[in-house]
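Whenever a hint applies, use it, and build me the whole structure from the sequences.
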Amino acid sequence: MGNKDGFFTGVSRRRLLGGGLTVTGGVVLAACGETKEVIKEVPVEVIKEVEVAGETVVKEVEVIKEVEVAGETVVKKEVIEVEVPVEVEVPVEVESVLVVNDPWGIVTVAPGDTIKIGLVTVLTGDLANLGIDIRNGAELAFDEFPDVKGFAVEMLDEDGQCSGEGGTAVANKFAANPEVVAVVGHMCSGSSEPASVIYERAHIPMVSPSSTAVSFTARGLDVTNRVCWNDRIQGTAAADFALNTLGATTAAMIHDQSSYGEGLVQVFQGAFEELGGEVTAFEGVTVGDKDFRAVLTTIADGAPDLLYFGGFQGEGALLVAQKNEVGLEDAIFFGADGINSQVYIDSAAGDAEGSYSSFADFGETDADLLAGFLERYEEKFGEPQGPFNAHAYDAAAIIIAAIDSASELAADGSLIIRRNAVNEAIRANHGYQGVSGVIDFNAIGDGGQGTVGFQIVADNAWSAV
Amino acid sequence: MATTSTTVGRSAAFSKRAFLTILGVLIGAVLAFRLGQTIYDQVWGPEVWIRNLINGLALGAVYALIALGYTLVYGILFMINFAHGEVLMLGAMAGFFVLDASINSGFLDYNTLLTIVIVFIAGMSVAVVVGVLLERIAYRPLRGAPRLVPLISAIGASIFLQNAALQAFGANVKIYPTPQITGLSGGQRFGDVFVANTSIMIMVLAIITMVALVLLVNRSRFGKAMRAVAEDKPTAQLMGIDVNRIILLTFALGSLLAGMAGVMLGFHNRQVTHMVGFMPGLKAFTAAVLGGIGNVPGAMLGGFFLGLAESLGPTAFQIPSAYKDVIAFGLLVLILIFRPTGLMGERLSRERA
Amino acid sequence: MTAPPLLEVRDLHTYYDNIAALRGVSLTVSEGEIVALIGANGAGKSTLLKSITGLTPPRQGEIFMEGRRLNGVPAHAVVRLGVAMVPEGRQIFGRLSVYENLEMGAFTRTDTDAVQRSFDRVFELFPRLAERREQIGGTLSGGEQQMLAIGRAIMAAPRLLLLDEPSMGLAPILVQQIFRTIREINREGASILLVEQNANAALSLANRGYVLRVGQIVIEDAAEALKENKQVKEAYLGGH
Ligand SMILES: Nc1ncnc2c1ncn2[C@@H]1O[C@H](COP(=O)(O)OP(=O)(O)O)[C@@H](O)[C@H]1O
Ligand SMILES: [Mg+2]
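Chains as they are written, first to last, in my numbering: chain A, 1485 to 1949; chain B, 5 to 357; chain C, 572 to 811.
The set of hints was computed from the structure by calculation and includes no laboratory data.
Any given hint could turn out to be false.
Stated by the list, open to error - Label pairs and their calculated CB-CB ranges:
#, chain 1, residue 1, chain 2, residue 2, range
1, A, D1850, B, N167, 44 to 52 Å
2, A, D1850, B, G195, 38 to 46 Å
3, B, F194, A, D1845, 39 to 47 Å
4, B, I26, C, D691, 54 to 62 Å
5, B, S129, A, D1845, 46 to 54 Å
6, C, V789, B, I163, 56 to 64 Å
7, C, Q706, B, P238, 21 to 29 Å
8, B, N167, A, D1845, 34 to 42 Å
Stated by the list, open to error - In the SDA-like style, the derived pairs of lysine to any residue whose C-alpha atoms are separated by at most 20 Å in a straight line are:
#, chain 1, residue 1, chain 2, residue 2
9, B, K237, C, Y587
10, B, K237, C, R651
11, B, K237, C, V644
12, B, K237, C, I744
13, B, K237, C, A648
Just so you know, these numbers come straight off a predicted model, no measurement behind them.
Built from N, CA and C at the ideal position, the CB exists for glycine as well.
Following this line, the structure appears as structure tokens:
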């Protein structure tokens, strides 16, 4: 078939579009019988779209051609067929179908295609148990709300690790995919924060089930939303619990240098001091290190009643064991949702007994709703492995509902989703009854009201205080 | 002409030395001032110093054991075995699986000491096998190649082993359940200072091992052959020494020490993953350079020096403990600037130069 | 002469990469003999010794030691067949003590009594080494290092001793002493292949001699005859 070295090749797609024509590179000229030298070929008008075949459209285009015939240059008009890939990310193409305006742009889902929603947790490494728990919660929502206006919802499952690099990599991948409408996630604040900057530019709203760091929403980005609490709530409640329930008057702060850990510990410190407690030390530990005796020794010098730890289960288990080797055996070990897992207890191999953590309790929740959710969860996935599965369910459900309210069916049967409208629909949830509790979004995207619960490790299990 | 250029050369050399001297004095003065301040202000009680001294000795003992592996191999082949940390990791893994099996089978319950010994033997054996295979597969075929080539092969081997372990054993943390092992749980109290039993085990075992190693290197037939091979391979062959065999045994010896260190760290820190060899490997390499790479007493000195610097540095200079890696690698930079041959390496390098 | 020679080299070709250093060298050393191999710098003398000991294996030709083929025998196994070498430039182990250097010489021997006798003999031949047995090799003087290199070779109790320019860089008085020792060793039963640039001294000591030029043997004769050979006189004895 035809002359591949025609005019269209190598000319930028944008320039041609600017000229009012949707003819693009990689063209195959269909009607090309004679063996003449084509010198120049200028498209004039698209006459009609002939055929839609999967990913490409065949169009009839009128072109002016300069052709060399027997040494003479002849100019003539000709109608040719051009095959072009379907353009999804460029709204101009569908303008003829339906006029939709959205400051963030739109996503068109062709009939038979799926609506793509990212789900970013941690699927490998030390925190995989927590990540899989969150994924399970979200998956349940995807199962129960399988479509929007007849368009199937597809979950794009990714591992964002608990790191900036991991989060950025996934965010870039999603940003490059014009079909991704929104993201459930990420799991860790340290992954969510750098990712949010990319989503902000790509206009992809995110709803995190578990990124609790103060700084996640405090930066005032448009796309950052969460259904869990802000750690300001957790840290403040924890400080109160430490002082008034556990009776600790002095406390040492330890964090894992993540946005989550350090942010939480800062909130705790502020609240603890305000309540009259004394903070004896503020130290960071490096994730992946296994020997924290040196830092604990320094902390032991201040003889704190309590060690408050902002971080995850692996480092928590090491700290709770190693504190006993440096003269801190009487200090209470107190962590947060990051250590509220069985893995923490197992990793500490007995030394976690008597340590405390806060966790995302289900506050003003509908008891039946929650019970039903947990029943369905356990039926499908077994015992929950972390504290955020219900939040993940809510995050996914809220996104799917928001897409429903921010989308229209077009005349050609495709679904038009308006990106900004999705984000606004998410934030428009006030008094939403989720399984994790009542969700009420504020101006910066904090939706979780969550009641802070506290647990203690007794007989190798987290149990109510 | 010749005279002029000599003079220029000399003054350049002089100004470089003067610069280094001034820099050294400045750094020394700042550190000494800060240390003086810490001591004078009595920022820490004496037990903090003692506890960190003990932490540092235990850490240093492990670094020293690992550093010996780097230094033995460097001494004999002039190459850095960057996969050494992964040998340690696989030793720790092997120890874990044996320990796990002995717990599940109930063997541990009635024979604790024997279990610990078997765990060590398993870790060391696997490490030896891995080290020997590394030499045969990744290094020996490159014996005649430029020095950069086996180095790259070593880095490749390191990444390969990390990922192979990740795929084979999964990413979840493996736990050495020390508290369930009588004798290794808890610790001893000396006045205000509590020393974990695992720390005591590490120090005692490491010191015995190092004494044995020094005797082996200095006194045994194998040790002398190893030193002869390190110095001059063709002449060593003329003596009837099978150079390839000595190199292989040197790898085996270094790996044995790494396997031992891996199991020690397993018991001491309890958590083992496919990444546990990485940092200790890098630190021990630093220790080996610190002491003068290729030098056996240097590796031990470097190991203890680094362990103590890491654990006492933040205390002495009143900086957050999170800076311990900064201290460790900062020391490496300083040593490379002021004493590129390491603390104990000077005479040797001059001789060789 | 019906008995096979102790060492027989037949048509040896040795290459460094693709540059020929030996091009068809044939040579014999009989039981009890001292054979001198003389030649200019770069003629291939050291290469020949290294080919015999397996350090630079030949590409072509054969080597027999007491009738046993040495081709393909790894360098570290050659010493077990009774061949010891004092390499060019001594090559003692500078970081090992004098005693340890000598121990390395006896690396393959297991008969401790016999090894002890060898120690005694070396210390008898070189009392300086006995005085300095704990000293680190690298700190010895040049003459002492040469004594140590020879002593180390004696420790292997060789049937054939290969010496590569033992007089190099030594004061004349030391050279005499070294040569006397070589004769001594020979009297005690070891045959000797002596490579020298100092042709005069070598030929005075030797029974027979070969002249090597650019990788080929050009003259072979009794030592006395070689000393009188006009060509040899001009080329190698000129200065004396
Ligand atoms: N390691 C080597 N690599 C390449 N060429 C060499 C090597 N050693 C010796 N040669 C070359 O082989 C030839 C013979 O050298 P050699 O046996 O050392 O001579 P001699 O001992 O008679 O002075 C010389 O041309 C020398 O340059
Ligand atoms: Mg020579």
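Check: Can the suggested window of 54 to 62 Å be confirmed for the beta-carbon pair I26/B and D691/C?
Finding: Holds, since I26/B and D691/C (Cβ atoms, about 59 Å apart) stay within the stated range.
Note to self: Taking the Cβ atom of S129/B and the Cβ atom of D1845/A, is their distance within the range 46 to 54 Å?
What the structure shows: 50 Å, holds
Check: Would the pair K237/B and Y587/C pass a check requiring their Cα atoms to be no farther apart than 20 Å?
Finding: OK: K237/B and Y587/C at ~18 Å, within 20 Å.
Check: Is it true that the C-beta distance of D1850/A to G195/B lies inside 38 to 46 Å, as the hint says?
Finding: 58 Å Cβ-Cβ, so the 38 to 46 Å window is violated.
Notebook entry, point to check: Straight-line Cα separation of K237/B and A648/C no greater than 20 Å?
Noted result: Holds, because 14 Å separates the two Cα atoms, which is no more than 20 Å.
Next item on the list: Compare the distance between the alpha carbons of K237/B and V644/C with 20 Å, and conclude whether the hinted pair is satisfied.
Entry: 17 Å, holds
Notebook entry, point to check: Taking only the CA atoms, is the gap from K237/B to I744/C under or equal to 20 Å?
Noted result: 32 Å, violated
Margin query: Just to be sure I understand the hint, the distance between the Cβ atoms of F194/B and D1845/A should be within 39 to 47 Å; is that true here?
Written below: At roughly 44 Å between Cβ atoms, D1845/A and F194/B fall inside 39 to 47 Å, so the hint holds.
Note to self: Within 56 to 64 Å: is that where the Cβ-Cβ distance between V789/C and I163/B falls?
What the structure shows: Once the Cβ atoms are compared, 58 Å apart, the range 56 to 64 Å for I163/B and V789/C holds.
Margin query: With the threshold set at 20 Å, check whether the alpha-carbon distance from K237/B to R651/C stays at or below it.
Written below: 17 Å, holds
Checklist line | CB-CB spacing for N167/B and D1850/A relative to the 44 to 52 Å hint | finding: 47 Å, holds
Check: CB of N167/B to CB of D1845/A, is that within 34 to 42 Å?
Finding: 40 Å, holds
Of the numbered hints listed earlier, those contradicted by the structure are 2 and 12.
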